[in-house]
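Each chain, letter by letter, is given below.
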Amino acid sequence: MSLERKIKLEAERDHEFADWMARKVGGEKLRHCLQCGLCSGTCPLSLYMDYTPRRLMYLAREGFKAEVLGSLSIWLCTSCYACAMGCPKQINTTEMMYALKRRAIEEKYYPKHFSVPVMAKQFARMVRQSGRITESWLMMRVLMRSSISSLFGMSRLGLRLFRSRRIGFLPEKIHRRGEIARMMDAVEAARKEFSV
Amino acid sequence: MPEAANPAAAENREAARVGVYVCHCGTNIAGTVDVKSVAEYAAGLPNVVVSREYKYMCSDPGQALIQQDIKEHKLNRIVVASCSPLLHEPTFRRVLDRAGINAFFLQFVNIREHVSWVHTDKEASTAKTRDLVRAAVRRVCLHKPLQKRQVPIDPRVLVVGGGIAGIHAALTMAEAGKEVFLVEREPTIGGHMAMFDKTFPTLDCAACILTPKMTSVGSHPRIKLWTYSEVVSVDGYVGNYKVTVKHKPRYVIDDLCIGCQECIAACVYKDGKTPDEFNQGLSKRKPVYLPFPQAVPQKVVIDPEACIEFKSGKCKKTCVEACGDRHAIDFKQKETFDEIEVGTIILATGFKTFDAKRYPDYGYGRYPEVYTSLEIERLINASGPTGGELTLKNGKKPQSTAIIHCVGSRDHNTNRWCSKVCCMYSLKLAHLVRERTGAEVFNFYLDMRTPGKGYEEFYDRLLDEGVHFVRGLVFEISDFAAHPSEEGKLVLRVEDTLGGFVRRVPVDMVILSVGMEPQADAQDVRRLFNISCATEGWFLERHPKLAPVSTFTEGVYIAGACQGPKDIPESVAQAGAAAAAALALIDAKTVELEPYTASIYEDECCGCKTCVPLCPYGAISFVAEKKKAAVNEVLCKGCGTCVAGCPSGSITQNFFDDAEIFEEIEGVWSHA
Amino acid sequence: MKYAYYPGCSVNGAYGRGYDQSLRFTFGVLGVEFEELDDWNCCGATSYVSVDDLTSYALAARNLALAERDHRDIVAPCAACYLVLNKTRHYISDYPHIGHVVERALGEIGLSYTGQTQVRHPLDILLNEVGIQAIAQKVKKPLRGLQVAPYYGCQIVRPYATFDDQRKPTSMDKLLAACGAKVVNYPEKTECCGASQKGALSEVGLDRILRLLTSAHAQGAQVIATACPLCQFNLECYQEETGNGQPPITMPILFFTQLIALALGASAREIGLDRSIVPVKQVLASKEIAYA
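For the record, the sequence lines run as chains P, U and Y. Using this note's numbering, read the first sequence as starting at 1 and increasing by one per residue. Using this note's numbering, read the second sequence as starting at 197 and increasing by one per residue. Using this note's numbering, read the third sequence as starting at 869 and increasing by one per residue.
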């Protein structure tokens, strides 16, 4: 049996974290959360989470940024929206999870080769470049950057898919790819202009 | 209206002899405003005969000073510059009265709350005071003599709703010697309380404490009890209401039925086929029935939708036969009406419970063993469908029961409010379930709200009884078994927030603690009685803290759950308060109405009816023969909406006519 | 009205081709007019918004704007696309700051979106525009009581299910029943399949999949009908791994449109049934439903 000293100091809290979250889409009622636990209950993945959605909302509201952004929970969320639908205070917990994912990616709060954020980043990269996703290439890029061993583990499935003609390697792209880049630049400019 | 339309204006101005009194109010005013210089300044204004400053105008010597001046200097208009009129306008009006001039020849200027208490700059404050006083002097010259109107109060009272609140209010007033009409739309009084088994926190048997009051009502010489009746129209104003009451046909002659219930036993239906409303649909009743054994009045009712005689006209009518010589059954009975006159009305129309079907995830209506709290009350009650045995539908006793708090409360998706009583009654049910069945009981709660007298102690008692208290909102009830131990049970899934993990709890029976809601027809009822509802649908009180049983309509009071969720002690307290308020009005014998009423200058009224719907108090009516609108001065509260809204400017308001207002505005702007 | 068909990357790709083929066939037979949205781009699904929200809305809005330019409503079969496009519509109008940014981005490429174009799901169109009667009339190869578990998954019904109930939807049930299938009671019909969790955290993903397969099997289903390419992938491709000591459950996982198209007379090849990982022919034969 090992001892672990558990105490939280005010100095560890991020005092603006709650405000930041409450400004996000779906977070308008964050401070109204009465910790009922309905979100955790309906969540199909909560049984694997280190911090259940309810606990995560509480920690976020109280500014325990490190715990929240470093948690496994945000990466386990599959956006099934069960939590958002049931919440008696109409907090959109799913959108809160997205906001936390974005911030965790921005501030690099996850293990380097963890496949979920790697997938998000590679997905975004592929969309920026081609406008569409080619699943086969996406899977390979993700697996190469996260867990190469899985790539070999998936090979059997890959072979079956290939034989059943369920896998294609022709890269999908849109014609007017330039529009994507232009839209992204416009978004950045608008972001600065509207301070959002 | 321009001065031409106010013929007295010019004359009034000439004849006015004004006395101005500026109060120091100790240092409250004098600390910021140079009172002396204001009084000196006022002395030089047109029409001002006397101008004084005094330390405490409202004191006896202060008042006497004004009275003296009025006599000596033949003053006929007074301006008092001091505190808020809410405090002392009546005081100074009485002074004018005593001195023999009309009380409304007073103009009250607030130079404390409007000047000295909100500004710090002395020069600016004094300048502002001068402006205000000057304006008041100009205005008061145009004041007209007004009289407060006195209306008599009819001592009879109408109580609508025969639940515990209505019963208590009716008894209180009847004991005070007043004649009371108690109207209840069900065939019996008793309301929701009659359905309960035991009441918290004392675990008194509900019927045992209620029925004596019910029988008192039934036999009281001064209470006219009209059950199975509804109010259909209300006209009039405080002290003088004309109410029409409709009596639904029981098909039984009230005076002849003695409640022997032989007709029920003899009915051609051997077993009931209609869901019994009182037993929440858990049992069936016959077409002829008594709602519950202790019903008051003890008179049976015939339901025309279920009775064969009504449906086909070809029944053996064994009921009539059983009734024998009394001949109390009358299939030809029609609804009748009564018109009554009362002075005050008390609304005690109660609440309804939340419809648990609105949470489909709880399976109410789908799984037979999911009940509402009210259904369980009937099951536990000895006069209920199972004679007080708490059993499942298969006749066995439950071995485990779950009670879910906050169903239909504290939820932005359904009802935002906390229904106040559910934590307490959930604890009560937990205790009763354990007592009757020995089952393992789980209470799933969000907060434990036990604020009343003896309530926290009741919670302590439950803690000792080994009930499981799990803090979490149950999100689903299903019959899917994930483990052999869950076979045949209802499984609740919930995050145990205090334990920090999700749980699956299999039980035999689930009780949903449904919240309280306003009655379905609350909006219709409130319109009938000319009161308001708050946004959530509860009847609106005049002030949530200081006037919880009065409404904005004089003479109409509210009591009990119709004003908001509450328990029995509070309902009784409110009923007593409403009765006291009504009695105060009645004992005063007359009520004085402020004369700030609007009136319509008929020659200029073009009959456009714009004003009629504008009035929040329903005080304006359209007189068809004259094609003009008319204001009922007694209902008018002087809000001024119609005055502003009239397109032809033909409505004027006492004490606030156009000339007076413009004069005051001019007074502020002009620099004499 | 002609719809702008938005397949999305998965349905358009080799994997989801069966959904695309069967949907085109079904719409063709039932007379629903549509044309693939020209030069549509990826909606961003749930991944882009995890990286940058405003950009993801702008990208999704490009498709809305393109459809609006043609005065058409969008029909989006993929659950994630359906959700993202609807969400974008709502956010543009409910949140002014998002509306402004998207307007700028669209304006940059000469487009605009005023909220006219709606986004609809094939289930909605088939049930409410075509109607059960019309479908039943066109059935050539009734499904003869084939036992089907209707699996909706989560993103079609939550949070923007205007055409069906969030927790207990019935649109797919009705459509399949109209084609002669026996729709079994499937309590897990809107429980999440685990999305991409199997790839990341294998145990977690498998747990979800096993639960869905077990329940369907226990209810007597021979086939599970799905409406989302990722659900279909999860349920079909990991059946062997979900054994957990027991013999694994194998059953064909089909797109609901494949079943409807089959009933309307399509041959297996036409609608990609020949490309199923778990063979379908035997199961269909058990109810004497013609494969070819």
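For the record, the hints were derived by calculation from the structure and aren't laboratory data. The structure presented is a predicted model; accordingly, all values stated were derived computationally and were not measured. Some clues are possibly wrong.
Restricting the straight-line Cα-Cα distance to at most 30 Å, the calculated cross-link-like pairs of lysine-lysine (DSS-like) are [as the list claims (entries may be wrong)]:
1) Y:1009 / P:29
2) P:29 / U:553
3) U:589 / P:89
4) Y:1036 / U:589
5) Y:1009 / Y:1036
Some chain U residues near chain P, calculated using beta-carbon distances under 8 Å [what the hints assert, rightly or not]:
6) 669
7) 687
8) 689
Glycine included, C-beta positions come from ideal geometry on N, C-alpha and C.
Here's how the hints hold up against the structure:
1. Y:1009 / P:29: Between residue 1009 (chain Y) and residue 29 (chain P) the Cα gap is close to 53 Å, so the pair fails against 30 Å, i.e. violated.
2. P:29 / U:553: Cα-Cα ~26 Å, so holds.
3. U:589 / P:89: The hint is violated at about 36 Å.
4. Y:1036 / U:589: holds, 26 Å
5. Y:1009 / Y:1036: holds, 28 Å
6. 669: Residue 669 (chain U) check passes; min Cβ-Cβ to chain P is 4 Å, inside 8 Å.
7. 687: violated, 12 Å
8. 689: holds, 6 Å
Checked against the numbered hints given earlier, this structure breaks hints 1, 3, 7; the rest are met.
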